[in-house]
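K.L.:
Order-wise, the sequence lines are chains F, D and Z. Everything in the first sequence is counted per our numbering, starting at 1 for the first residue and increasing by one. Everything in the second sequence is counted per our numbering, starting at 1 for the first residue and increasing by one. Everything in the third sequence is counted per our numbering, starting at 1 for the first residue and increasing by one.
Everything labelled a hint here was simulated from the structure, so no lab data went into it. Just so you know, not all the hints are guaranteed correct.
Short derived list, chain Z residues pointing at chain F, Cβ under 10 Å [unchecked claim]:
#	residue
1	87
2	197
3	260
4	261
Every residue, glycine too, gets a C-beta built ideally from N, C-alpha and C.
Each chain is listed here by its residues.
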Amino acid sequence: MNTYKKLIAATALAVLAGGMTMGAASAKTFVYCSEASPEGFDPGLYTGGNTFDASAHTVYNRLLEFKPGTTEPIPGLAESWEISDDGLQYTFKLRKGVKFQTTDFFTPTRDLNADDVIFSYERQWKADHPWNKYVTGTSWEYFAGMGLPELLQSIEKVDDMTVKFTLKRREAPFLANVAMPFASIMSKEYADKLQADGAMNQLNQKPLGTGPFAFVGYQQDAVIRYKANPDYWGGKQKIDDLVFAITTDASVRYQKLKAGECHLMPYPNPSDVASMKADPNLKVAEQEGLNVAYFAYNTTQAPFDKVEVRKALNMAINKQAIVDGVFQGLATPAKNPIPPTMWSYDEATVDDKYDPEAAKKMLEEAGVKDLTLKVWAMPVARPYMVNARRAAELIQSDFQKVGVKVEIVSYEWAEYLDKSKDKNRDGAVILGWTGDNGDPDNFLDTLLGCDAVGGNNRAQWCNKEFDELVTKAKETTDVAERTALYKQAQAVFKKEAPWATLDHSLSVVPMRKGVEGFHQSPLGDFAFDGVDIVE
Amino acid sequence: MLKFFVGRVAVMFLTFVGVSIIAFSFIRLLPGDPVALLSGERVMSPERHAALMHDLGFDRPIVIQYFDYLWGVLRGDFGTSIVTKQPVLDQFFQLFPATLELSVCAILFAVIIGIPAGVFAAIKRGSFFDQAIMGTALIGFSMPIFWWGLLLIMLVSNTLQWTPVSGRISLMFFFPPVTGFMLIDSLLSGETGAFKSAVSHLILPTIVLGTIPLAVIARQTRSAMLEVLSEDYVRTARAKGLGPLRVIGVHALRNAMIPVVTTIGLQVGVMLAGAILTETIFSWPGIGKWMVDSVSRRDYAVIQGALLIIAATIMIVNLVVDLLYGLINPRIRH
Amino acid sequence: MSETTVHGGVSTDSSLRRRLAEFWYYFSENRGAVIGLVFFLLLVLVAILAPWIAPHGPADQYRDAVLLPPVWQERGNASYLLGTDAVGRDILSRLIYGARYSLFIGVIVTSIALVGGIVIGVVAGYFRGWVDTLIMRLMDIILAFPSLLLALVLVAVLGPGLINAMIAIALVFQPHFVRLTRAAVMSEKTRDYVIASKVAGASHLRLMFKTILPNCTAPLIVQATLSFSNAILDAAALGFLGYGAQPPTPEWGTMLADAREFISSGQWWVVTLPGVAILVTVLAINLVGDGLRDALDPKLKRS
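Isolated chain F (complex conformation):
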């Protein structure tokens, strides 16, 4: 009897849902074949780009936004801001009349105000905040990773529409940080309701913000659905529904794109790009990614503590072969530790020439004989290095030509990241970096500063001259001055060669011909506001 009733209810529900979909059939639906399941929907908790695409770039906004297609911060939920003369106080004026999304799980009663901003930051910052540990194993990765707990002095509500941030020291990249996904602004009203209902973990499952798309539903490892937010402060989107079809395999994504099952896909196989370009139904957008892949020696260990040895090995690596063999040409050989799209990139740098003969000679002169080197190859594909094992094999055969034996080692990813940090690590590591906020500090200081030795500084390289330049640049707000400092730092880097810089990969985005208004982000985000389908 009971089951029978349930079945009737189920059928009724299904018919209802069916009717809804039928009605929406004429609506414009945009399908994005995303590369992985989101880890969750609270961007503060995670670091994965696909998680941000599914939450920060659809459902949420931030005080500042990156101008589409660039890394320049522009007004977002903050209409304007002021920086005090000492560079320590940032005052943000909020946009008026910004509405939170109305969904079937929550109806907001008020517009955005200063409380929402303070809530969004303090939950990540203050250990005694009720939301600081709202799910098992909560950790605010980026908030901590960008050093905000040490940087922030206070966040104050000046009035309902004004928020003032006070810093402990001058930090030029702060504005860029505010535009990052982790700094998404949540609705305090929604959070309060969840807290009252005892359903706090829903914040990570049913997101609600001010963004262009409102969350509809997530079917684990399969589909995420959004609908355009009709009350969006930037105006309603041209598309009505947005669907993320989670498709982990790149070949499969391509098949779906070809079949018209999705409109746009990230991360194609390099080997498929040629045929994508030839397909009349598709178009391919390309942009240099904000990333670098590097080959870091352990500069504290003999013989790699010698500049000549590092230089010689750098000359033995055929970077073009890596670009061709691993990326099928969809990358550029790197000469600087920062990517060419980033401001302060030094065009004048002269790269080490690929010259095995000269390299061999230099090694002999340095008194290095019968050298064996462990090369660490990452076990996973990352945008900056899609197949590290293949790159390692190429380097192996390059080094063989100069009489250096290579043993390729690999570990499981977490272990790899952990072990490669070790100061006494044996061997050179293939790894890379994708910019978080477009500031050169995020590469130069984060990856090569003295503070990062034993951490992100995989070369274990601490150079006084370099470190001083980078630290000075961080505390300077004038961009021209900073540029000059960073250029000097790049020259020091090139002279000292703690890494072989391998490549900057091209970010390639294939889409259906009819897709318009998509802006490729240098940060590797996939955001769909402003996108339209014209058939």
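Given the coordinates of chain F, work out where chains D and Z should sit on it, guided by the hints.
P.N.:
Coordinates of chains D and Z only, in the frame set by chain F:
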């Protein structure tokens, strides 16, 4: 019978506790800690690392961790995913219908083709058909199914464009899951074309996952049939002048089915192993893919919980098969 | 159950030869088994002679010959008969060297599982009591997991790599041998000849391994062949998932994992050939296995 049942359940419970110890200790032995992965390439400070280990309870004595865990499991709490922060059991129930649907289809595919093929081969023993069927079955039995899947995608989906490449249903269709089984849900939804779409998405994965069971069942059916056909009562029935169809259908087949049913039951474990590969290839959102993803994401809690749930499922199925076997085979007396 | 093999503590040369001849008679009757055996022997030969017959080194990269198709297709090149992969390595040479890995995997995994299984199984079956209970419960625990899943998690624990993959697979295969041996030992233990030698004062060890064991070899041999082919399949599957042999090892499953990105770009040979190699090898071993089973199992022989 009851005594046998109680005994079996007791043994099963003991095994389950053993399984939980194994699953639990595996996870403690995994290299690289779960917390480090949360920050990716970005380095985590030792203080933050220690704090997180503490939050997740990884800093307590291992024995306490275990009993805590076992106590949770006995109350139906299989832990919380480190990545998605969702209860493991919830995730399991969300994904299990997809795997079950695929497995059931694969078994049906295997049975519907395998049993007639085996019977036919046995009747025509030594003929060309027998050799062809058994040859094909052996090829199926030897198949690396992950390659078989790739090959089928390459031929059927890419070149011929007959079937979709991955997923469970076309994205055009959107209806809330009622049963979790796409075939049923698509029918309930009342949308035209939904059922067809669900079926077309199922075809290739079903073939890939069903290939090995199909081969096993065909071979098993043939040898069981051969054995039964040579038994006295069948010969008697034949001698009595009963038609061949009657002899085969009524007498032989029924008896030959006893070992075959057992074989089918034993395929459950095989199915789950196969699901790991099949689901990975076809982006099928089920248990197998979930396990592979969780292993690569080091989601300790999920691996541990899912190992337990899966082992329990297999043990229960095996128990049921044993009981059924006792029921259909009167010669077995426990 | 009728027994055609001769029981006895001592077997004379002539009876052994007769048994072998009889075995070969039944085995060679099975055409498939003979074909399988011939192919298998060929494969062993190829594996042994790999350095001499492979046209190129398995890791040699020809940067100007990347992704060349097999020789019979347009753009094919006679020095790379089956084409080249994404970094210009000769696929034929890699397949030839790959045979070494697959056979190696089969031999090692089967040996570990077989030897370990026999020892544990004999101990369990002979001593019974709590030793038996403990061992069999342990085996139940291993059997409660789907084999590939258990191997996958084990390899994740031990670290990805060929050796670890082999250890994991051997461990997963263990219970089958234990169960078989135990059952055989238990049924043999009560037979007259065993009781006779026990009365005659034979030691436990001698009883277990010299007297009982030789009489339960048939099912073990059949199970061993099955394990051999399954080991190759499972190792390839682990390689495919990225947890088995690591590149540039020319292991077939690992080659397939590397080739996955080419399924839609038309370079069919990179995807197809390693799979064909796995299939044909496993098929040959299974053919031999079927032949062995028919020749060794007197019951099936009659039917």
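K.L.:
Hint by hint, note whether the structure agrees.
P.N.:
So, going through the hints one by one against the coordinates:
no.	hint	in the structure
1	87	holds, 5 Å
2	197	violated, 53 Å
3	260	holds, 7 Å
4	261	holds, 4 Å
Of the numbered hints given earlier, the model fails hint 2 alone.
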